[in-house]
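Chemist: In case you want the letters, here they are:
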Amino acid sequence: MSPEQIMLIPKIENGFVLDHIPTGSGVKVLNLIRGHAELNESVISVGLHYTSRRLGRKDLIKIQSRELPQRFLQHLSLVVPGVTIKRVENYAVAQKIVLEPPELVDNLLSCPNPGCITNHERGVTTCFHLVRREPMKFRCNHCERRFALSELENRLKL
Amino acid sequence: MKRDLISIEDLNEKQLRDYIEFGRKIDGMSHEACRQILAGRILGVLFYEPSTRTRLSFEAAMLRMGGQIIGFSEALNTSVAKGESLADTIRTVERYCDAIVIRHPREGAARLAAEISRVPVINAGDGANQHPTQTLLDLYTLQNLFGRVDGLRVALVGDLKYSRTVHSLFHALARFKDVRFRFVSPETLRMPEYVIEATEGSAAEIAETTNFEEAIADSDVIYMTRIQRERFPDPLEYEKVKDAYRLDRSALKHAPSHLKVLHPLPRVNEIATDVDSTQHAAYFPQAGYGMVMRQGILAHLLGGKL
Ligand SMILES: [Zn+2]
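Keeping their order, the protein sequence lines are chains A and B.
Take 997 as the starting number for the first sequence in the working numbering and just add one per residue.
Take 17 as the starting number for the second sequence in the working numbering and just add one per residue.
Keep in mind that the hints were calculated from the coordinates and are not lab data.
One thing to keep in mind: the hints can contain errors.
Covered stretches of chain A (chain B as the covering partner; in silico rule of three or more C-beta atoms under 8 Å from a C-beta of chain B) [as the list claims (entries may be wrong)]:
#1 1108-1121
#2 1137-1148
Taking lysine-lysine pairs in the DSSO-like style, the calculated list, with each CA pair at most 30 Å apart, reads [as the list claims (entries may be wrong)]:
#3 B:K269 x B:K258
#4 B:K30 x B:K269
#5 A:K1133 x B:K177
#6 A:K1133 x A:K1092
#7 B:K193 x B:K41
#8 B:K193 x A:K1133
#9 B:K98 x A:K1153
#10 A:K1153 x A:K1082
#11 A:K1133 x B:K30
Computed far set for chain A versus chain B, every beta-carbon distance over 12 Å [unchecked claim]:
#12 I1008
#13 K1024
#14 L1035
#15 S1048
#16 R1053
#17 S1061
#18 P1077
#19 R1083
#20 Y1087
#21 V1089
#22 V1094
#23 P1098
#24 E1099
#25 V1127
#26 R1128
#27 K1133
Think of the CB as a built atom: it goes at the ideal place given N, C-alpha and C, for glycine as much as any other residue.
Bound-form chain A, shown alone:
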C-alpha cells in the first residue's frame, strides 16, 4: 500500500482488518456489520476502491473490536468468500486468515425458494450444503434446490 493510501484510512491499535474485499462488496459488508448488534458500538473505518495487486481494485474495512462474532464470520464468508482477515494487536498484524464458505451452512440463511417449507413454518432451522466448488453451489437440505452464492447473499438470517 502506498503512503497516500495509508493517509486515507487510519491505522488501528487493536482490532481487525477485512482485506481483499472485491470492490463494490464493501458496502455489502458494511450492511452485514450493521445487522450484527454486537458490532454496533465498534469504530469502523471504510476504504473503497483501493488499488490492489491481486484484485485491481479492492475495498477494505477496519473494525475496532475485541473479537468478531462467529455468526458474523460465517455470514461474511458467504458475502465475500475468500476475504482476508487480519487481527491487529499494538498496530501490528498478529494473525491472518483467509475466510472460505463452510461446507455446511447451519441456519445462517433463509431459502430463496418461495415454495420451500422452511419459509412457511415458524422456528424452522435451515441447512445448506456446499455441493459444488466451481462455480460454488449450495443445496437446501429441505427443498433440495441448488443455489449460487449470488442468490444467497441477500438471504442472510441476521
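Following the hints, complete the assembly by docking chain B with the ligand onto the known chain A.
Modeler: Frame of chain A, contents of chain B with the ligand only:
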C-alpha cells in the same frame, strides 16, 4: 436408528437394488404370510393435497400386510386448516402410529417431518421436489419387465423440464450400470442442465433429440410424461408440440417387439387408448407393481420380517 424415505438423492446404487429386492420378496410370498408382516401396526396417511392413486396404493399396501390406516386425504377439514403447523401435526400424529406417509404441497415438507418425527416418514410427494416411491416403483417395474435394470436403453419423453418424476428416475437410473438415455422433448421443455449436472457424469450415455419416431425404433423403454398446456405461454406453441409427443398404435409400427411403454399415470391423451391392447403397454401393470413396491418399502422401514 429410525429409517425414512425422503429423497431418491439419499439412496446409493446398493440401496436402490435393496429396495427392488424387498419388492421381489413380497411378491414371492403367499397372501397369508403377507398378512402377518405388519399385523397390528398403524400407518398414518397425511395427505395435505389429494392424490387418490398414490394414497390408495399406500393404503392397499398396508392393508395387505395386515396393518391399519389412519389419516386424512386433504387438509380442508383438519386442524391444519385452522393454522396448525406441520411440526405440531407431526408431534401429535407420531404418537398414534408406527410410520407416517406424507404428501404436502411445499418442497421439503417430508424432510422436515422426518427431522421431527420419531417414527419413520415416507415422502409421497413434496411439491415440485421429490416422489421417491414413484421412482422406486418405476425401477421395480423395469426389473419385472426385463429381469434387469442395467444396460437398458431408456427414452424419457415429453415434458422433461418440469416433470420431477422424470428427473428422479433419470438420477436413479444413472446409478445403475450402462443405462443409456435418450431425452425426447420439444425444444422448450428440454431436460434442464442442472438436472444433468447433478449426476456428475455418472450416466453412461445421453442423447437428446426432438425425434420421437427414432427413439421408438431404438429403445427398450419409452417413459411417457404429460405435456401440460399451462407450461406454454403461447397456446399455439402447445398445439404444435402436443401431437408430436403423443403415442398411438401406428407410431409403434416400427417398435422392437420387446419395447415397453411406461407412464406414471394418470394419462390424459398422450397415450391413445388403442395402445392399451398392444404388447408394449405396461402402464397398468406398472400401477400393480407400485403397490407391491410400496409393500416392500413399508415392510423395510417398519422393520417387518421379509
Ligand atoms: Zn429450500
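Chemist: Each hint: holds or not?
Modeler: Hints, one by one, checked against the model:
Note: the stretch 1108-1121 of chain A has 10 residues with beta-carbon separation from chain B under 8 Å; the three-residue rule is met and the coverage holds. With 6 residues having a beta carbon nearer than 8 Å to a beta carbon of chain B, the stretch 1137-1148 of chain A meets the requirement of three or more and the stated coverage holds. Only pairs whose Cα atoms come within 30 Å are accepted, and K269 (chain B) paired with K258 (chain B) is accepted, the gap being roughly 20 Å. Between K30 (chain B) and K269 (chain B) the alpha-carbon distance is near 37 Å, which puts this suggested pair outside the 30 Å criterion.
Under the criterion of a C-alpha separation no larger than 30 Å, the hint pairing K1133 (chain A) with K177 (chain B) is consistent with the structure, at around 20 Å. For the suggested pair K1133 (chain A) and K1092 (chain A), the alpha carbons sit about 26 Å apart, so the restraint of at most 30 Å is met. At roughly 23 Å between alpha-carbon atoms, K193 (chain B) and K41 (chain B) fall within 30 Å of each other, so this suggested pair holds. This hinted pair checks out: K193 (chain B) and K1133 (chain A) have alpha carbons roughly 28 Å apart, not beyond 30 Å.
Among the hinted pairs, K98 (chain B) with K1153 (chain A) is consistent with the structure: their alpha-carbon atoms are about 28 Å apart, no more than 30 Å. The hinted pair formed by K1153 (chain A) and K1082 (chain A) meets the criterion: a straight-line CA distance of about 25 Å does not exceed 30 Å. Among the hinted pairs, K1133 (chain A) with K30 (chain B) is consistent with the structure: their alpha-carbon atoms are about 27 Å apart, no more than 30 Å. Distance to chain B confirms I1008 (chain A) as a non-interface residue, since its nearest Cβ pair spans about 44 Å, more than 12 Å.
Taking the minimum C-beta to C-beta distance to chain B, about 26 Å, the non-interface status of K1024 (chain A) holds against the 12 Å cut. A cut-off of 12 Å between C-beta atoms confirms that L1035 (chain A) is not in contact with chain B; the least separation is 32 Å. Distance check on S1048 (chain A): its Cβ is at least 33 Å (rounded) from any Cβ of chain B, clearing the 12 Å threshold; non-interface status holds. With a least CB separation of 33 Å from chain B, R1053 (chain A) remains clear of the 12 Å interface cut-off, as annotated.
Even its closest Cβ contact with chain B, about 36 Å, leaves S1061 (chain A) beyond 12 Å, as expected for a residue assigned away from the interface. Every beta carbon of chain B lies more than 12 Å from that of P1077 (chain A), the smallest distance being close to 20 Å; the non-interface claim holds. The Cβ of R1083 (chain A) lies farther than 12 Å from every Cβ of chain B, with a closest approach of about 37 Å, so its non-interface assignment holds. Consistency note on Y1087 (chain A): stated as away from chain B, and its beta-carbon is indeed over 12 Å from all of that chain's, at 49 Å minimum.
At roughly 41 Å from the closest C-beta of chain B, the C-beta of V1089 (chain A) stays outside 12 Å, upholding its exclusion from the interface. The beta carbon of V1094 (chain A) is kept farther than 12 Å from every beta carbon of chain B, the shortest such distance being approximately 27 Å. Once the 12 Å rule is applied to beta carbons, P1098 (chain A) is consistent with being away from chain B; the minimum gap is 20 Å. For E1099 (chain A), the requirement that its beta carbon stay farther than 12 Å from each beta carbon of chain B is met, with the minimum near 17 Å.
At roughly 8 Å, the least C-beta separation between V1127 (chain A) and chain B is not larger than 12 Å, which violates its mark as non-interface. A cut-off of 12 Å between C-beta atoms contradicts the statement that R1128 (chain A) is not in contact with chain B; the least separation is 8 Å. A beta-carbon of chain B comes within 12 Å of the beta-carbon of K1133 (chain A); the shortest separation is about 9 Å.
Figure legend: structure checked against the earlier numbered hints; hints not met, in rising order: 4, 25, 26 and 27.
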